[in-house]
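Given these sequences and hints, build the entire structure.
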Amino acid sequence: MRRPALALCLGLSFGLATSTFALDLNNVLDKLNNNPDLVNALSGTVKGVVDANRTITPQEEQSIGNGLASNMLGAAPLVKDEALQRYVNDVGAWVASQSGASGVKWRFGVIDTDTINSFAMPGGVVLVTRGLLGQMQSEAQLACVLGHESTHVLRHHHLRAIQSSAGRDALSNAVQGAIAYKGSNAGKQIGANLASGFSEVYVRGLDKDDEFEADITGMVLCARAGYNPYALAAVLQNLDALNPADGNLQLLFATHPTPRARLDKIDAVVGEQLEPYASGVENTVRFQSFAKRYSKVGLTTTP
Amino acid sequence: MKTTSVRLGVGVLLLGCSLLAQAETGTVIRASDLKQKPFLDAASAGRVSPGNNVTIVSRQGAWMQVKAGNQAGWIKLLNVRTGSGTASSSGNSLGTLAKVLTTGSSGTTVTTGVKGLTSGEVTATHPDLAQLQKLDDYAISSTQAATTARAVPLKARQVPDIPSRAATTRSN
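Protein chains in written order, with UniProt numbering: chain Z, 1 to 303; chain L, 1 to 172.
One or more hints might be untrue.
In silico EDC-like pairs for lysine to aspartate or glutamate, Cα to Cα no more than 16 angstroms straight-line [to be verified]: (1) Z:K80 <-> L:D137; (2) L:K134 <-> Z:D81; (3) Z:K105 <-> L:D136; (4) Z:K208 <-> Z:D264; (5) L:K134 <-> Z:E82; (6) L:K155 <-> Z:E282.
Just so you know, the hints here were simulated from the structure itself, not pulled from any lab data.
Model, not experiment: these values are computed from the prediction.
Written out as structure tokens, the structure is:
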């Protein structure tokens with residue numbers, strides 16, 4: 001009795017759905033139909049969605065980011081190397097802190113896949129693949145990549161992309177579902193399931209201007225942290241030299257502007273402006289000890 | 001002691017080799033001076049023109065060490081493009097890239113026969129909360145990060161923001 005009523009209510013509030021969003025909605029509804037407990041929880045909070053101007057709170061942002069992160073970790077778990085995981089947090093938290101932003105719960109991790117990519121989740125999660133780590137030639141390169149991803153978090157790029165495709169109300173509902181269950185493990189799981197329905201954003205990709213902004217602000221954060229910011233340009237040049245048909249690059253290349261286009265943007269916007277900082281740290285002993293373990297040169301390059 | 005330094009030496013040598021294995025070629029995109037050292041006020045080592053091919057030897061700061069015909073020296077790395085967008089790539093790889101981009105933007109990225117983390121895996125719903133807990137456990141505060149950074153040593157610097165969305169053009 002309650003279930004169809006809720007479905008109708010959700011359906012009405014999602015009246016301006018795009019086709020992409022319709023898929024997300026079906027996802028959410030499927031999950032609702034399979035979780036009577038959640039339906040009960042949501043029916044108490046669903047009236048909140050009528051306020052279309054409601055903004056997502058930092059706590060809610062973190063909640064949805066946790067859902068997205070746990071889904072990504074379900075697809076590729078953390079590399080079982082505690083020293084490595086602590087190391088990326090040492091570098092990442094230092095670079096991200098250069099933004100001066102407070103209240104972000106930064107968590108960095110290396111996930112166990114040959115795929116070359118990195119992902120940022122709302123609220124402060126940044127996941128780099130083992131495959132991308134293997135392409136890094138210096139700590140400055142890693143720091144600049146983490147600066148790029150941190151910028152996505154700081155500027156709320158993924159949250160905005162989800163909101164514009166799925167609608168503010170859909171996101172709000174998913175988040176409220178999670179909040180309603182705060183503290184209970186079952187609730188966390190259901191919240192994560194709901195949030196992960198928005199994982200499509202990692203296949204669809206962001207607006208190209210968001211990627212350019214992440215490159216440029218990432219270089220600035222990298223420079224502030226004491227590294228050579230042009231290490232990001234080196235990463236992009238190395239990516240550009242890899243064979244784009246390699247399966248490990250497909251998701252990255254399908255969701256980002258070409259490395260060439262990104263270099264052209266850096267060239268046009270940053271140019272020589274960061275050269276006073278180019279003498280910053282390039283490499284460290286700690287990076288080289290990990291590079292020995294994870295460096296990968298087996299990828300094919302363009303002929 | 002001696003063993004350690006020998007082992008370190010071998011490690012650095014191996015790393016050097018792996019970087020050499022990635023040696024690439026590039027194409028010059030604007031007329032540039034080659035310098036004898038990676039500094040603006042270094043003596044000239046020649047000049048390259050747009051379209052000239054270079055072999056990349058190494059990088060330092062904003063500079064790239066290259067060989068260009070019978071010349072060799074340092075060029076601003078943003079004056080060089082590598083890989084698929086350059087004249088050195090084959091039409092084949094360009095075609096493949098275009099195909100990947102098209103399928104990606106249509107939202108139906110092919111997932112069969114693809115190794116690594118595929119779009120299908122990324123969107124499949126199997127959240128792992130135990131892994132999320134591990135991720136949380138590895139996190140450090142910015143204060144802790146600053147302490148570790150000082151030991152490297154890394155020094156924070158004042159760097160002004162660079163707006164990316166305003167129409168900015170570079171006057172090179």
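Okay, which hints does this one fail, numbers in order?
No hint contradicted; all consistent.
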